[in-house]
Amino acid sequence: MQSPAYYEYLGRPKMISGKRALEQIPAELEGYGASRPLVMVEGATPGVGAAITKAMYDSNLVIGALFDGHVAGSTSGIVRELAGLHAARKCDSIVVAGGGPLVDAAKCVNIELTQKKAAIQFSGENKIPKELGPFVLVPVALVSGYEASRYAFIDGKMCGSDFLSPDMVIIDSRASSKAAPAQTLSSGLIALAHAIEAILSPQANPIMGSYAYAAIRLLSENLPAAVRKPKDGKKSVAVANGCAIAATAFSNAPAGVVHCLAEALSDATGVDPGVYMGILVRSLVRKRMEDKAGLGDELCLALSGPAVYSVSEAKRRPEAALQSLNSVFGELGNAVPADLAATGTPEGQLGPAAKNAVKASSAKLSEKECMDLLERAWGGK
Amino acid sequence: MNHDSYPEIKPGKKTLKRIYIAVMLFIVGRAIQAACRTDSTVKKEFQNFKDGFAFSLGVHPFGPWMIVGRDEKGRAKYLGWKPEGKKISLKMNIKNVEAAMLVFTFMESTSVAFARNRFVVDGDLIDALAIVRVLDLVEVYLLPKLIAGLAVKRYPKWSELSPVKKHLGRIVIYTRALLGF
Amino acid sequence: MFLPDYYEFCARVKTVAGHRALDRIPELLSSLGSSRPMIVTDRGVVGAGLIKLVNAAMKGSKAKIGALYDETPPDSEYTVVNSVAKLYRAKKCDSILAVGGGSVMDTAKGVNILASLGGSNIQDYEGAGAVRRKLKPLIAIPTTSGTGSEVTLVAVIADHKRKVKIPFTSYFLLPDIALLDSRMTKTLPPFLTAPTAMDALTHACEAYYCLAKNPLSDATAIAAIRLISANLLKVIKKPGDLQGRLDLANGAILAGMAFSNSMVGIVHNLGHATGGVCGVPHGVCMSLFLPYGLEYNLHKRAGEIGELLFPLAGPEVYAATPVKQRPEKTIEYIRGMNQDLHDATGGRHARFLKEIVDRDGRQLVPVEKLPEIARTAQGDGTKVYNPEDVSYDDALMVLEHAYEGKPLDRKRIKKG
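Same order as they appear, the protein sequences are chains A, B and C. Here the first sequence is numbered in the numbering used here, starting from 372 and rising by one per residue. Here the second sequence is numbered in the numbering used here, starting from 195 and rising by one per residue. Here the third sequence is numbered in the numbering used here, starting from 44 and rising by one per residue.
Simulated from the structure, these hints should not be mistaken for lab results.
BS3-like mimics (lysine-lysine), calculated; alpha carbons at most 27 angstroms apart, straight line:
#1 A:Lys390 to B:Lys211
#2 A:Lys501 to C:Lys107
#3 B:Lys359 to C:Lys457
#4 A:Lys501 to C:Lys105
#5 C:Lys206 to B:Lys237
#6 C:Lys454 to B:Lys351
#7 C:Lys458 to B:Lys360
#8 B:Lys244 to C:Lys206
#9 B:Lys244 to C:Lys208
#10 B:Lys238 to C:Lys206
#11 B:Lys204 to A:Lys461
Under 10 angstroms between C-beta atoms, here's a sample of chain C residues computed to sit facing chain B:
#12 Tyr49
#13 Tyr50
#14 Ala173
#15 Ile209
#16 Leu254
#17 Met306
#18 Asn429
#19 Glu431
#20 Ser434
From the three backbone atoms N, C-alpha and C, an ideal C-beta is built for every residue, glycine too.
Chain A with its partners taken away, still in its complex shape (with noise of 0.2 angstroms):
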């Protein structure tokens, strides 16, 4: 392990997590000067809104709004009007527990109330010039990848912003276990990616590499039994924890082929990103391990735990990570199928799928690897 010559990284959120988690909001929100939220939930998840509301009982705190409608997609429509509720009532901070585009709206919502503008007229990188609010996630299943992380989508464009990450993540088996099995896999599979990507990346530094460690040995412990078990409390928490960690770690890395290749196919298709993110991850690793670069130590010693790391030789330890990570989708069985194909892709998609992920990374992706990968993944190699 060697430090790079430069880096950055920032772990915004404070995390916190397990028995009674939900009880320290009020006095969490208090040491920002906060006691009246608005608190969003999905209106879907049945028992959420009831357990956060008793879990302010006997605080100084006070509800501002419950608001338990569906969103469908974070849309400018949206986000003013949950702005008008939260200025009606006097909030002064936000509580959201779900995923996907309800965050998204949810974190939009924070960048008008500070910002007095349109969240739109933020899209982009590091266009918000200060604080936002107070801002609580508490994940039921993070289906995109992005709510614990510093980004927020609006009206299908990309916010980006230290900001916008999550002041604290509460995580609680009365909210991560009411996730249906196919979210808490989809949201499993896409922290997998993008923790191992973390560690692959050109970024790569010793904090992304112990976040990233810390995610990967949660998911592949935890991860299956969840989605077999979704009411199991302890395994939803592992599985939100590592999810929550690898955001962390995405935050600070950028977008690897995988990430942005399944977003550019989910895009065109409409299947679950986390599905593609789980196939061509498989076929990243097993790439990596025929190509010069290797898998590269950290890689291995979080895909394979420090027991069976330190068992294997030197020369084995990148066989004995991907055993391990294949073990963990043998476990997972057919919820992932074994190839592209199998998703029902359509062929022709692969190609402007390529080109797609070219146009949206930042990281210099080129067109010959990205149809590489899915080639490879298309034949589930």
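Starting from the known structure of chain A, arrange chains B and C on it as the hints suggest.
For chains B and C alone, coordinates are given in the frame of chain A:
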């Protein structure tokens, strides 16, 4: 958007749990007073506090609390459950009712609760540590070994606290705590 | 990966690290909205030419250094904090560059409280929840690897009149940026490199077995131990090894992240007390007490202590050592490190209490002081986080062994 569909919610109360905690705090408060007269270690700890020292242990923000002070003779005195109007040098607040339940149902020992940031301590940390030591000892007296073992880091061995001393002490402390002297 | 029933983790400090990281200062100040930083440092740092490097980095920047305070004492003290805050205001500064070790960091954090929240006496901010707003910008530039103070939310400030050390704790005390530049530790002499690196190693080891351990504190602790273990002796033998210095600096910041969230135990407990009573530098206490801390907690944390062998000694040694023997091997390895450092520093790195001497060769820890140290340890907060109880008698027992350098008599450990 119809704002009325999304109501404001004022938090309710967890009355039963607060009653339970209040009772436990009362017992512990009176037990500390009694233990100070019965156990030499607790007595020594209280003599080391400054004259007029008083600490409160309770739940943020609305209580319940218990307050124990040190009188001029260096003895612990249970001062009731109302912090208003009292000069409290050390406030040990558990952040919320649920966290307090974890402590008072012995699912989290005092040390683990501290380590997990469940407490907010306002005052001298050295004094707070002395109170944690006192609480540990009082719990050993009040609780059967099976439960006390969960609440403290190290259950005292025979050589430090003989069963005779412990059981006798337990009887005396309970009696004194309930009768208030 | 161990996932506890409950944990909290916060390391909300932006890390900027590299061989020429200082060059980024103008841009970083601008991003924080600052144009008139104050430098808080000490004479040693100035003498090592490090402030010259900072000034050079500021050349051509729109921001200008508003003030320089270079008399921070070895122990952060409240009258110093008050007067530096006065200077900050007088010179209309709007941020702080803290360049130095633990004491400079703590002083800078204290100054930042006053400078941001108003008032003239830092003691007005004692007590929980006193600091509840974001403070003015603070960039921490450590010159040792190190205390990890660049990522901790605590500032320990002494009151010499009351003879106490007050910990100020708040997430708002975290620096905005921790800037690690390999040039800042390049000239640190071996006899200082050793204890400061062992301080970091101790942070990471204690974080791994203490009560609040969690996945992130574990992952950062392991990475820290790997970096420090692989580079410490290398750098002692070749102080100009910039890559090694950067690796140690990264190890120290990772260790800081680990222990500030997982807390520390008996090693720090006894170390703080020894430092307080006998004036022994913190890092010296840490390296010496670490093997004893591991032995003391062995009956409660054998698994974790065994797992430490992996980052300490590497995968081959780890695999070759049967699981049951790993804890002992870890303890042996640390003792070995202390011995190697002792040899490499020409005897200046102390292996046990009796060996610690001041610049004039006088013994710093006389045996008569051991009871006082044990008593002082009772009042130190870190006791709470140790897996096993440490009473006065326990502390004295460990101190007596650490005095002579004898391994702990395991039979005398009272097991809970």
